[in-house]
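Take these sequences, add in the hints, and give me the full structure.
Residues per chain are reported as follows:
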Amino acid sequence: EPEVTQTPSHQVTQMGQEVILRCVPISNHLYFYWYRQILGQKVEFLVSFYNNEISEKSEIFDDQFSVERPDGSNFTLKIRSTKLEDSAMYFCASSETLGNTIYFGEGSWLTVV
Amino acid sequence: KQEVTQIPAALSVPEGENLVLNCSFTDSAIYNLQWFRQDPGKGLTSLLLIQSSQREQTSGRLNASLDKSSGRSTLYIAASQPGDSATYLCAGNRDDKIIFGKGTRLHILP
Numbered sequence: 001e002p003e004v005t006q007t008p009s010h011q012v013t014q015m016g017q018e019v020i021l022r023c024v025p026i027s028n029h030l031y032f033y034w035y036r037q038i039l040g041q042k043v044e045f046l047v048s049f050y051n052n053e054i055s056e057k058s059e060i061f062d063d064q065f066s067v068e069r070p071d072g073s074n075f076t077l078k079i080r081s082t083k084l085e086d087s088a089m090y091f092c093a094s095s096e097t098l099g100n101t102i103y104f105g106e107g108s109w110l111t112v113v
Numbered sequence: 001k002q003e004v005t006q007i008p009a010a011l012s013v014p015e016g017e018n019l020v021l022n023c024s025f026t027d028s029a030i031y032n033l034q035w036f037r038q039d040p041g042k043g044l045t046s047l048l049l050i051q052s053s054q055r056e057q058t059s060g061r062l063n064a065s066l067d068k069s070s071g072r073s074t075l076y077i078a079a080s081q082p083g084d085s086a087t088y089l090c091a092g093n094r095d096d097k098i099i100f101g102k103g104t105r106l107h108i109l110p
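Protein chains in written order, with my numbering: chain A, 1 to 113; chain B, 1 to 110.
Since the hints were derived computationally from the structure, they do not count as laboratory data. As the structure is a prediction and not an experimental result, all values here were calculated from the model. Be a bit skeptical, because a hint or two may be false.
[Claimed, not checked] Here are the simulated DSBU-like pairs of lysine-lysine, each with C-alpha atoms no more than 35 Å apart in a straight line: (1) A:K83 x A:K57; (2) A:K78 x B:K102; (3) B:K42 x B:K102; (4) B:K102 x A:K57; (5) A:K78 x B:K42; (6) B:K102 x A:K42; (7) A:K42 x A:K83; (8) A:K42 x B:K42; (9) B:K68 x B:K42; (10) B:K102 x A:K83; (11) B:K68 x A:K83; (12) A:K42 x A:K78; (13) A:K42 x A:K57; (14) A:K42 x B:K68; (15) B:K68 x A:K57; (16) B:K42 x A:K57; (17) A:K57 x A:K78; (18) B:K102 x B:K68.
[Unchecked claim] Here are the in silico distance ranges between beta carbons for each label pair: (19) B:P40 x A:D62: 28 to 36 Å; (20) B:E17 x A:Q17: 44 to 52 Å; (21) B:T5 x A:S27: 34 to 42 Å; (22) B:T58 x A:K78: 38 to 46 Å; (23) A:T5 x B:A79: 16 to 24 Å.
[As the list claims (entries may be wrong)] If the Cβ cut is set under 10 Å, some of the chain A residues that face chain B in the computed set are: (24) V4; (25) E18; (26) Y33; (27) F45; (28) V47; (29) F104; (30) G107.
Beta carbons: idealized from backbone N, C-alpha and C, even for Gly.
Structure representation (structure tokens):
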């Protein structure tokens, strides 16, 4: 069964460093998403992406964050100048179209020290 | 304010019992409802999607209902098993995203 894959599964980074989290969405899906979950808290929406541009973003997704689809298969989340409070599990997801089932990857656990 | 609420926050039931998890939403712009399962430290597994034109969906021992007029959804689990222990999340589609509740932590007692 097709699945969303994410790398790395875990990353530890120094405060102030840049991090790139990578995702391979399901191949025939058109909508891509990033969510995050701080330990013990609920899953929060960051950004949705369609047709090579951001379709919606939350107030969390400020200038520190960016997304890119560098080729036909990868979807990346870049976090510039990481802060301690960026420590969280970051989930990539995709769906065939709006309103269809959204499939999530296993997540990338980011720890900022 | 966009909000999805899940009650109870935690639930423990003996194996074999049927149970109901509740989800409510105040935003009338939510059009679909999706239920997920999350095991500790793991990703989100989609269980059921109920589209706005549907009232319920079934998959095996799971049945989910949606009442948009009252802003409520329920997830019914029949004949619970220890392997059902996990956190169950409901999420509503709004615009280009889904909004999650905080989840119900379910523990099935062997």
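task = May I ask which of the numbered hints given earlier this structure violates, with the numbers listed in increasing order?
result = Result: hints 11, 23 and 25 break, sorted rising.
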